[in-house]
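Residue numbers (our numbering), protein chains in the order written: chain A, 1 to 226; chain B, 227 to 416.
Among the hints, a few may not be true.
[As the list claims (entries may be wrong)] In silico SDA-like cross-links for lysine to any residue, where the CA-CA straight-line distance does not exceed 25 Å:
| id | chain 1 | residue 1 | chain 2 | residue 2 |
| --- | --- | --- | --- | --- |
| 1 | A | Lys-63 | B | Val-299 |
| 2 | B | Lys-297 | A | Arg-124 |
| 3 | B | Lys-258 | B | Ala-400 |
[Claimed, not checked] Far from chain B by the CB rule (all over 10 Å, computed), these chain A residues:
| id | residue |
| --- | --- |
| 4 | Thr-7 |
| 5 | Ile-15 |
| 6 | Leu-32 |
| 7 | Ser-150 |
| 8 | Ile-154 |
| 9 | Met-178 |
| 10 | Gly-182 |
| 11 | Leu-186 |
[Said to hold, decoys possible] What follows is a list of derived Cβ distance ranges for each label pair:
| id | chain 1 | residue 1 | chain 2 | residue 2 | range |
| --- | --- | --- | --- | --- | --- |
| 12 | B | Ala-279 | A | Ile-89 | 43 to 49 Å |
| 13 | B | Met-414 | A | Lys-6 | 54 to 60 Å |
| 14 | B | Pro-283 | A | Met-163 | 47 to 53 Å |
| 15 | A | Ile-89 | B | Ile-382 | 39 to 45 Å |
| 16 | B | Met-414 | A | Thr-174 | 17 to 23 Å |
| 17 | A | Ile-196 | B | Glu-383 | 22 to 28 Å |
| 18 | B | Glu-292 | A | Glu-4 | 47 to 53 Å |
| 19 | A | Val-77 | B | Leu-231 | 35 to 41 Å |
| 20 | A | Lys-164 | B | Met-286 | 32 to 38 Å |
| 21 | B | Tyr-295 | A | Lys-195 | 43 to 49 Å |
| 22 | A | Phe-161 | B | Val-315 | 50 to 56 Å |
| 23 | A | Thr-7 | B | Ile-382 | 41 to 47 Å |
Derived from the structure by calculation, the hints contain no laboratory data. For glycine and all other residues, C-beta sits at the position ideal for the given N, C-alpha and C.
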Amino acid sequence: MNEERKTLYEFTKGIIKENPVLVTLLGMCPTLAVTVLAQNGIGMGLATTFVLVCSNAVISLLKNVIPKAVRLPCFIVIIAGFVTFIDFIMKGFLPELHSALGVFLQLITVNCIILGRAEAFASRNTIGRSVLDGLGMGIGFTLALFTMGSVREILGLGSWFGMKIPYLCDNPMTIFIMPAGGFFVLGCLIALVNKIANRKPPMEISCDSCPNAAICKGQCKTQEGA
Amino acid sequence: MTYILILVGCVFVNNVVLSQFMGICAFLGVSKQIKSSVGMGGAVIFVMVCATAITYPLYMLLERFEVTYLKTVAFILVIAMFVQLVEIVMKKKMHALYKALGVYLPLITTNCAVLGVTLGNINNEYTFLESLTNALGTGLAFTLALVLFSGVRSRIENNDFPQAFKGVPATLIAAAIVSVSFMGFTGMMQ
């Protein structure tokens, strides 16, 4: 029973408790850039989930083969391979979404969520748990992007998934679909999650899930320079 | 003239951090002090220009063998290797420079702005010199955003926000306001 619950926790933790965007503050670049429409948010979220699950699975299988010193380049190549794959599929089947996401689809390669999970979880756990972890984190990421996209689309364009909302569509607040609105909505969402969870908000981006933490040891923030 | 346009466009109109959202992690993580912002910015400018100089011929090579779909894999691998190489060489030969920029180098491998610039050069079909200008401009834009924002951050550090907004949410909202100020440059091009 206990074991089962633990396995289930690997899946559910990513959705709310350790939500990659709203709690651990990872993968902010795509979160801010593509969430002009709710639809784009879901597309980006699902593409990232796919890459996350596949790379977690492969990395957990290869964890004993990859030499420790060159693990980061190895992880990056595996991830980039899957990104190329999803890039092709999207170009073929969803050309509109592909052009809406633009270069950010290829930039999934350097999304810190994926590299962070590979380093912190998949390279230390079995394939089953790694896949569950990837799936949970991916769904959490998708949910966060969907929420961001919905808020920005409803307020900024007065529509939701293309459906017009009466009154709002005549008086859209265009600032919300501009870059500034992205920062603003994300800040408010993180604050809201803090309020609901009644938790002290993070003071800064932590080093816990930074893939470079082992090399840098937090020096990047405190270094005085020469 | 084209070069000046590209440079101005990168630094002000399409600022890489504040309007294209690349390199947000580094932007929020390292912008606490002006000194570390300058160090990170310098390292990013250096790596961006060098990475462009390497990936441009590499892309021509990929084109020659008709495997351009491998560009993401090839670029990120080359950038990661290059950054490691620079770090090793700097540590051995240029100690002063290593002390100033060294710690930021490993962070740059995963900075999406670097990969974004090299891929953007290809997507925009820039020539070699235009690509280098674009890389330089983007690096400068990154540094400008970081330095400006570290000033803003030091002012809001001790302000009295509602409990839920303290820390990162307040930082993000400050970034939104800085981003609004950059919207003033929008009409400059065309």
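Please list, smallest to largest, the hint numbers that this structure does not respect. 2, 6, 9, 10, 11, 12 and 20
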